[in-house]
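Protein chains: 2
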Amino acid sequence: MTHNIPINQIIETIKQRQPNLVSIQLPEGLKRKAQKLSETIEEKTNTHTLISGDPCYGACDIEDWELKKLGVDLIIHLGHSEIPLNTEIEVVYYDIQLETDLNNLITQVTKKLDKKVGLITTIQHHHLLQDIKQKLSENNIKTAIGHGDNAIAKPGQVLGCNFSATDIDVDQYLYIGTGNFHPTGVAYSTNKPVIILDPEKQEIREIKDTENFQKKRYATIAKAQKASTIGVILGTKTGQTRKKLAIQIKERLKKEEYKATVITMEEVTPNRLLQLGYDAYINTGCPRITYDDQKRYRKPILTPNEHEILVGDRDWSDLKFDEIRRK
Amino acid sequence: MTHNIPINQIIETIKQRQPNLVSIQLPEGLKRKAQKLSETIEEKTNTHTLISGDPCYGACDIEDWELKKLGVDLIIHLGHSEIPLNTEIEVVYYDIQLETDLNNLITQVTKKLDKKVGLITTIQHHHLLQDIKQKLSENNIKTAIGHGDNAIAKPGQVLGCNFSATDIDVDQYLYIGTGNFHPTGVAYSTNKPVIILDPEKQEIREIKDTENFQKKRYATIAKAQKASTIGVILGTKTGQTRKKLAIQIKERLKKEEYKATVITMEEVTPNRLLQLGYDAYINTGCPRITYDDQKRYRKPILTPNEHEILVGDRDWSDLKFDEIRRK
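Those sequence lines, one after another, are chains A and B.
Its first residue numbered 3, the first sequence is counted upward by one per residue in the numbering used here.
Its first residue numbered 3, the second sequence is counted upward by one per residue in the numbering used here.
Some hints here could point you the wrong way.
Copies of the same chain are indistinguishable here, so a pair counts whether it falls within one copy or spans any two.
[As the list claims (entries may be wrong)] Result set (PhoX-like, lysine-lysine): computed pairs, CA atoms no more than 25 Å apart in a straight line:
1. Lys225 - Lys35
2. Lys17 - Lys118
3. Lys35 - Lys203
4. Lys135 - Lys203
5. Lys117 - Lys144
6. Lys301 - Lys218
Hints are computed from structural coordinates only; laboratory data are not their basis.
So here's chain A without its partners, still in its complex pose (with noise of 0.2 Å):
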């Protein structure tokens, strides 16, 4: 697989903006990329780079205010496509497309697919999608592409806290990409059938047990209900940001006589939540956190849906994956 790197592009944004001073900002998986980059735009501008060296998890995990205070003007930001946020210095987002042959991928998965199947995708893989869609025509399958709200730019496309193409009216999904932290989503947002199609492992795979990831859930809001103490978790990377929300819970948390605190964090950690000492948290920012990383955690953490089943609000029954979509 190879990342293609847009560098004559990006040479070209800066000459044409003329910034003073240049965020370049990478996922982890290309961090290392940022050197090279770095020194070319150097060589090929006037203008000095800094890299971001922090974590970036998505397009909601832009350095936007922290490098106000030093003077960057302009953003460049690799590996995601654009969300609408408001940001203070203008990004210009390049997303990284991965070359892969699928033709051994796709004769294998026809075989698994009978029902009408939606194809979901990350930005990376988007440009595979109607090829996919195509070739499964023609051994006759049904596929249908759904159109995300908001926050997505490609069609069919999802991000790990927004599933909102999945909303169409098929049995089962195909999701082309790496790993399993995006059709893990899809699987327990939808409860429907997930089978992966993987072009870096170049093998078929699926999502099962979403229905002991419900058991777990349940047991944690159960837990939760002990608590007197519950501190409720504002993110504050850029796109992650529910105030409103996160005061709003405090509120209704103090009705219930919960003692109930609004924590500002910008990534959650084991140790930070261990420094604060609450019985119990729930998560208002990235969403993941909340699911994939409980069993890091002593304490358990909930997310905004959970809490309503918590306070009486929501019927147990009616447990939903928090997503945060964009109108």
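Model the placement of chain B on the given structure of chain A, informed by the hints.
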């Protein structure tokens, strides 16, 4: 030991200033006081509070820009003394004094002091200094208390990165306080003996082995000389930003044919450096990261002074402890 949180003063400040949204920041050792403090403020005033759940290692570590975007208009910062910073939001500092009985310790320590002694301490214990001076004088021990630079609020006070209060004509130092963090810095910075009077553990101990520290620093510089790519770390915490210096160092390294880039970082961690993949780093952020945590990192990290040795602008015998002083 008792931490006296000046809760009435804090309530009074908030009533006077009538902010819309208050952030409460406490160092790690006091984080557990946050819940009660927030509860009291919200009960007694009509103000919403946000507790900062991110780590806070000093008065340099003010969350400011990232809170401005949330609408915070007053920061209550506990546990550190004020240092002069340009902040976007108004910050009110409350230092927290620790009450302890020192009579036994003073009797013990007089036996260990025979030359002229510089008295040093942290903000938590500065109120004890005059009494100790008096008692040592009664035992015929000569003492001096230095006045630090503009970052230093009280006579004899040291910070983790600023030992300007040690610039006095003495043979040894007596440090009143807990832990080894500050007195280790004093020993490395001054190369003079440091005796610790620890009110928490109720014990007297000494800092030894400063020679070994220097040897390790020389070894680290020698290792960094083999690097081909060097990352220059620019800390983004409010009081740790040395942007001009970071850019100067990058330019200097480039002249010596190193491939060098400036990297912004909020917190420096082994994993973040591993992701970036440089052969060595120069850290212009918190000096203590460079010194105290080296063994946690796989690659050599140097201070700005050590960088000068690396590129040949400073003599090897002229190794100095990196401090952030403020004229």
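Checklist entry - Hints broken by the structure, by number, lowest first? => result 2
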